[in-house]
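Colleague: Each chain, written out:
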Amino acid sequence: MTTVVAKKTFDHGVHPPTFKDGTVKREIRQFPFAKVLIIALSQHLGAPAKAIVREGQEVQRGEKIAESGGFVSVTMHAPVSGIIKKIGWAPSLNGKMVNSIFLEPFPASGQTIEPSTPCDVDTASADEIIAAIQEAGIVGLGGAAFPTHVKLKIPEDKSIDTLIINGVECEPYLTTDHRVMLEQQDDIFMGIRYILKATGAQRAIIGIEANKPDAIISLREKIPAGLPITVEAVKVKYPQGAEKMLITALLGREVPSGGLPADCGSVVVNVATTAEIGRLLPMGRGIIERSITITGPGVEKIGNYLIPIGTPLRYALEQAGLKKNATRVILGGPMMGFTVSSLDVPITKGTSGLLVLTDHESQLTIRKEYACIGCGYCLDACPIFLNPSRMGRLAKFEQYDAMEKEYNLMDCFECGSCSYVCPSNIPLVHYFRVSKGIIRDKKASA
Amino acid sequence: MNVLNKTLEIRTSPHLKSAVSTDQIMMHVVIALVPTTLFAIYAFGLAALLILSVTTFTAILTEHIYCRLNNKETTITDWSAAITGLLLGLTLPPALPLWMAALGSVASIALVKLLFGGLGYNIFNPALGGRAILQAAFPVAITTWHPAFLADRFSSIPSSSFAWPFTTGTYDAVAGATPLGNMKFNQVSTDVTDMAMGLTSGSVGETSAVLILLGGAYLVARNMMNWKIPVVIFITVAILSGIVNFFNPNTPTPMFMLLSGGMMLGAVFMATDMVSSPVTDRGIIAYSVIIGIMVTVIRLWGGLPEGMMYAVLMGNAVSPLLNRSLKSRVYGTGKKGGAK
Numbered sequence: 001m002t003t004v005v006a007k008k009t010f011d012h013g014v015h016p017p018t019f020k021d022g023t024v025k026r027e028i029r030q031f032p033f034a035k036v037l038i039i040a041l042s043q044h045l046g047a048p049a050k051a052i053v054r055e056g057q058e059v060q061r062g063e064k065i066a067e068s069g070g071f072v073s074v075t076m077h078a079p080v081s082g083i084i085k086k087i088g089w090a091p092s093l094n095g096k097m098v099n100s101i102f103l104e105p106f107p108a109s110g111q112t113i114e115p116s117t118p119c120d121v122d123t124a125s126a127d128e129i130i131a132a133i134q135e136a137g138i139v140g141l142g143g144a145a146f147p148t149h150v151k152l153k154i155p156e157d158k159s160i161d162t163l164i165i166n167g168v169e170c171e172p173y174l175t176t177d178h179r180v181m182l183e184q185q186d187d188i189f190m191g192i193r194y195i196l197k198a199t200g201a202q203r204a205i206i207g208i209e210a211n212k213p214d215a216i217i218s219l220r221e222k223i224p225a226g227l228p229i230t231v232e233a234v235k236v237k238y239p240q241g242a243e244k245m246l247i248t249a250l251l252g253r254e255v256p257s258g259g260l261p262a263d264c265g266s267v268v269v270n271v272a273t274t275a276e277i278g279r280l281l282p283m284g285r286g287i288i289e290r291s292i293t294i295t296g297p298g299v300e301k302i303g304n305y306l307i308p309i310g311t312p313l314r315y316a317l318e319q320a321g322l323k324k325n326a327t328r329v330i331l332g333g334p335m336m337g338f339t340v341s342s343l344d345v346p347i348t349k350g351t352s353g354l355l356v357l358t359d360h361e362s363q364l365t366i367r368k369e370y371a372c373i374g375c376g377y378c379l380d381a382c383p384i385f386l387n388p389s390r391m392g393r394l395a396k397f398e399q400y401d402a403m404e405k406e407y408n409l410m411d412c413f414e415c416g417s418c419s420y421v422c423p424s425n426i427p428l429v430h431y432f433r434v435s436k437g438i439i440r441d442k443k444a445s446a
Numbered sequence: 447m448n449v450l451n452k453t454l455e456i457r458t459s460p461h462l463k464s465a466v467s468t469d470q471i472m473m474h475v476v477i478a479l480v481p482t483t484l485f486a487i488y489a490f491g492l493a494a495l496l497i498l499s500v501t502t503f504t505a506i507l508t509e510h511i512y513c514r515l516n517n518k519e520t521t522i523t524d525w526s527a528a529i530t531g532l533l534l535g536l537t538l539p540p541a542l543p544l545w546m547a548a549l550g551s552v553a554s555i556a557l558v559k560l561l562f563g564g565l566g567y568n569i570f571n572p573a574l575g576g577r578a579i580l581q582a583a584f585p586v587a588i589t590t591w592h593p594a595f596l597a598d599r600f601s602s603i604p605s606s607s608f609a610w611p612f613t614t615g616t617y618d619a620v621a622g623a624t625p626l627g628n629m630k631f632n633q634v635s636t637d638v639t640d641m642a643m644g645l646t647s648g649s650v651g652e653t654s655a656v657l658i659l660l661g662g663a664y665l666v667a668r669n670m671m672n673w674k675i676p677v678v679i680f681i682t683v684a685i686l687s688g689i690v691n692f693f694n695p696n697t698p699t700p701m702f703m704l705l706s707g708g709m710m711l712g713a714v715f716m717a718t719d720m721v722s723s724p725v726t727d728r729g730i731i732a733y734s735v736i737i738g739i740m741v742t743v744i745r746l747w748g749g750l751p752e753g754m755m756y757a758v759l760m761g762n763a764v765s766p767l768l769n770r771s772l773k774s775r776v777y778g779t780g781k782k783g784g785a786k
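Note that the protein sequences, when read in sequence, are chains A and B.
Just so you know, we're using our numbering here: the first sequence kicks off at 1 and counts up by one.
Just so you know, we're using our numbering here: the second sequence kicks off at 447 and counts up by one.
Everything labelled a hint here was simulated from the structure, so no lab data went into it.
Glycine included, every Cβ here is placed at the ideal spot set by N, Cα and C.
Check each hint, because a few of them may be wrong.
[Stated by the list, open to error] Taking lysine-lysine pairs in the DSBU-like style, the calculated list, with each CA pair at most 30 Å apart, reads:
(1) A:Lys222 x A:Lys20
(2) A:Lys323 x B:Lys452
(3) A:Lys443 x B:Lys773
(4) B:Lys452 x A:Lys7
(5) B:Lys518 x A:Lys405
(6) B:Lys773 x A:Lys396
(7) A:Lys368 x B:Lys452
(8) A:Lys324 x A:Lys301
(9) A:Lys368 x B:Lys630
(10) B:Lys674 x A:Lys8
(11) B:Lys463 x A:Lys25
(12) B:Lys518 x A:Lys396
(13) A:Lys396 x B:Lys463
(14) A:Lys301 x B:Lys773
(15) B:Lys463 x A:Lys20
(16) A:Lys8 x B:Lys463
(17) A:Lys8 x A:Lys301
(18) B:Lys452 x A:Lys96
(19) B:Lys674 x A:Lys7
(20) A:Lys301 x B:Lys463
(21) A:Lys323 x A:Lys96
(22) B:Lys773 x A:Lys235
(23) B:Lys773 x A:Lys436
(24) A:Lys442 x B:Lys452
(25) A:Lys235 x B:Lys674
(26) A:Lys85 x B:Lys452
(27) B:Lys773 x A:Lys324
(28) B:Lys463 x A:Lys235
(29) A:Lys324 x B:Lys674
[Claimed, not checked] Which chain B residues face chain A? A few, computed with CB under 8 Å, are given here:
(30) Lys463
(31) Met720
(32) Ser771
(33) Ser774
(34) Tyr777
Put together the whole structure using the sequences plus the hints.
Modeller: Here's what the structure looks like:
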């Protein structure tokens with residue numbers, strides 16, 4: 001394979017093994033429908049969506065079944081033609097029960113999607129595009145699941161010059177964005193046209209890690225004439241895919257502490273999200289499925305699959321096949337993903353990967369914990385130059401005030417690089433996650 | 447579908463871990479000290495072998511007993527007690543009475559390390575702390591040197607080594623003035639090549655600059671030592687002593703300063719101790735500069751010929767302060783934050 005030389009990067013970071021070879025050559029394939037789909041009403045950050053269907057109602061594939069419950073909220077669509085069995089509680093990733101729509105597919109329906117009102121990129125205004133993105137139920141598909149239209153609504157007092165399309169995919173094991181960049185190039189360019197118009201940015205940069213030379217080269221060749229788009233290779237380093245790190249690598253700017261990318265004139269959108277915008281808006285449709293990498297040493301049939309939203313993990317893993325020694329089921333990648341406690345949790349819009357580890361890999365992370373020896377590895381790893389060594393000690397003694405005010409805890413975006421390198425196996429990022437939660441709770445109750 | 451019904455493991459991310467662990471780092475430090483240790487035994491014979499064995503074994507035993515007394519799992523498997531014992535032995539005069547060496551080891555481990563909380567919590571480098579205690583308690587014995595490369599070094603043991611506890615014993619050969627002693631008290635310099643190769647007298651493991659640097663390079667290559675610490679110390683010492691030497695040619699040259707005494711061993715293996723050195727980038731630089739200044743000042747104007755030990759201990763003492771006052775600029779704060 002041809003290689004691409006990349007110079008752009010950020011300071012610090014880590015180099016975990018990538019484990020991408022197994023799935024990177026596997027094209028995205030359609031996944032079958034489970035017996036019941038569970039569509040959680042709050043599968044994005046912000047307010048939950050409001051169900052507009054009732055139990056027993058028949059719905060068509062692509063039909064709107066829930067409307068957004070506020071500005072920071074999005075619409076939901078039926079992933080399949082079927083009947084609403086019930087609206088009730090279902091387990092979610094973080095262990096909480098969330099209100100969900102249980103949808104039972106009709107056994108042999110055509111699964112065609114009813115036509116709807118399209119949003120034309122040439123005639124629609126910026127506000128119309130933003131409304132259409134919300135109506136299409138689009139959230140950040142990279143994992144954060146933040147409603148995309150909120151991000152694109154640039155506040156009056158700010159302006160942005162550069163749109164960054166995030167095709168970095170720095171999480172090990174995951175290759176879904178890579179596949180999207182190879183298979184859905186027209187959608188990506190169309191999506192960029194919509195977003196450029198919605199945000200008023202003058203140019204777009206697609207940032208891709210240098211370990212995806214095929215995506216970089218073919219995207220570069222296919223840039224439609226007249227569009228202000230460049231494709232830039234960035235060095236392979238974790239967490240290059242973090243918004244702040246990508247902005248720094250490509251533009252040399254820093255997002256101010258506590259601020260947003262718009263504060264330094266840019267906005268970052270995940271490449272798969274961009275492709276969805278480009279694919280759905282011209283037809284006026286909503287997100288009903290997404291591509292996910294199912295991978296890991298614990299899975300029989302690894303690959304990239306187009307999976308209906310709401311597919312329970314149990315069904316997904318039955319189809320893909322689990323090995324006997326599987327122990328950990330992770331939603332997302334190995335660096336920032338979450339282990340699930342129940343396989344009844346459904347796939348949501350924010351699920352980019354389903355990773356299954358076996359006893360062997362999990363033993364590697366369950367090592368003896370030593371006291372901090374001050375090696376400084378975590379300081380050299382932290383992409384935002386925090387002092388995890390010191391904050392880890394402060395967390396143990398519940399010195400949350402000092403962590404926040406003297407050591408900038410709230411700037412931590414929990415990439416986990418510190419825990420990854422810690423030779424004493426101190427669960428640093430876990431301490432920070434918990435500490436941030438405690439600080440937020442304190443502020444909320446004050 | 448049995449697999450799907452089994453209990454799933456719940457852990458927080460990351461689910462990947464880089465390979466190196468704390469005990470491995472410590473083990474590699476011991477490996478890095480092997481050339482220096484072997485050369486010490488070659489240069490000083492049975493005396494060095496005995497003193498290194500005694501300090502290392504006593505350090506490990508002290509840590510083990512301490513853990514047992516506190517009903518804790520023994521911590522000797524993390525290799526750090528072995529490092530302390532070995533390092534202490536390398537800083538002692540070869541013919542020091544062994545009971546003093548053992549006492550130094552007990553002090554290093556019990557007083558300087560374990561009383562502060564054990565590995566990771568000690569403020570001072572345990573080996574140097576123990577040596578400082580010996581220096582205070584036995585100022586004569588610890589500055590009585592023994593010649594290197596004696597013909598009978600593999601067949602006889604200096605009689606002082608086996609002095610009864612609480613006695614100093616008699617010394618066989620009162621010779622072997624160190625290059626630093628010669629410089630300080632007799633204004634006689636020593637050949638630089640001899641010092642680099644380790645052909646001079648001195649503490650057990652401090653004489654061969656080349657082998658110490660080799661061990662340091664081994665650790666730097668494994669990212670287990672911060673190369674900035676010795677480099678900045680060397681630069682600081684070279685600049686300061688170079689300036690002084692320029693105005694007063696009777697003072698030691700920068701090359702002499704770097705190759706004599708405990709400079710190499712101290713800068714490469716003591717000052718770089720992860721636990722007792724700072725962690726922030728700017729803190730590390732300030733720490734190294736402080737050590738470089740202190741050792742130059744003590745050697746040139748102090749009453750002692752050697753100052754490395756006190757310089758490093760001084761650096762250790764200010765490390766927590768340096769960590770706190772010299773933080774790195776956090777991303778998105780300060781000047782660059784919000785810059786468009």
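Colleague: Please go over all the hints and tell whether each is borne out by the structure.
Modeller: Status of the hints after comparison with the structure:
{"no.": "1", "hint": "A:Lys222 x A:Lys20", "in the structure": "holds, 25 Å"}
{"no.": "2", "hint": "A:Lys323 x B:Lys452", "in the structure": "holds, 12 Å"}
{"no.": "3", "hint": "A:Lys443 x B:Lys773", "in the structure": "holds, 26 Å"}
{"no.": "4", "hint": "B:Lys452 x A:Lys7", "in the structure": "violated, 46 Å"}
{"no.": "5", "hint": "B:Lys518 x A:Lys405", "in the structure": "violated, 36 Å"}
{"no.": "6", "hint": "B:Lys773 x A:Lys396", "in the structure": "holds, 21 Å"}
{"no.": "7", "hint": "A:Lys368 x B:Lys452", "in the structure": "holds, 25 Å"}
{"no.": "8", "hint": "A:Lys324 x A:Lys301", "in the structure": "holds, 14 Å"}
{"no.": "9", "hint": "A:Lys368 x B:Lys630", "in the structure": "violated, 50 Å"}
{"no.": "10", "hint": "B:Lys674 x A:Lys8", "in the structure": "holds, 26 Å"}
{"no.": "11", "hint": "B:Lys463 x A:Lys25", "in the structure": "holds, 26 Å"}
{"no.": "12", "hint": "B:Lys518 x A:Lys396", "in the structure": "holds, 20 Å"}
{"no.": "13", "hint": "A:Lys396 x B:Lys463", "in the structure": "holds, 21 Å"}
{"no.": "14", "hint": "A:Lys301 x B:Lys773", "in the structure": "violated, 48 Å"}
{"no.": "15", "hint": "B:Lys463 x A:Lys20", "in the structure": "holds, 17 Å"}
{"no.": "16", "hint": "A:Lys8 x B:Lys463", "in the structure": "holds, 26 Å"}
{"no.": "17", "hint": "A:Lys8 x A:Lys301", "in the structure": "violated, 35 Å"}
{"no.": "18", "hint": "B:Lys452 x A:Lys96", "in the structure": "holds, 21 Å"}
{"no.": "19", "hint": "B:Lys674 x A:Lys7", "in the structure": "holds, 25 Å"}
{"no.": "20", "hint": "A:Lys301 x B:Lys463", "in the structure": "holds, 25 Å"}
{"no.": "21", "hint": "A:Lys323 x A:Lys96", "in the structure": "holds, 28 Å"}
{"no.": "22", "hint": "B:Lys773 x A:Lys235", "in the structure": "holds, 27 Å"}
{"no.": "23", "hint": "B:Lys773 x A:Lys436", "in the structure": "holds, 21 Å"}
{"no.": "24", "hint": "A:Lys442 x B:Lys452", "in the structure": "violated, 38 Å"}
{"no.": "25", "hint": "A:Lys235 x B:Lys674", "in the structure": "holds, 26 Å"}
{"no.": "26", "hint": "A:Lys85 x B:Lys452", "in the structure": "holds, 28 Å"}
{"no.": "27", "hint": "B:Lys773 x A:Lys324", "in the structure": "violated, 48 Å"}
{"no.": "28", "hint": "B:Lys463 x A:Lys235", "in the structure": "holds, 21 Å"}
{"no.": "29", "hint": "A:Lys324 x B:Lys674", "in the structure": "violated, 49 Å"}
{"no.": "30", "hint": "Lys463", "in the structure": "holds, 5 Å"}
{"no.": "31", "hint": "Met720", "in the structure": "holds, 5 Å"}
{"no.": "32", "hint": "Ser771", "in the structure": "violated, 11 Å"}
{"no.": "33", "hint": "Ser774", "in the structure": "holds, 4 Å"}
{"no.": "34", "hint": "Tyr777", "in the structure": "holds, 4 Å"}
The earlier numbered hints that this structure contradicts are 4, 5, 9, 14, 17, 24, 27, 29, 32.
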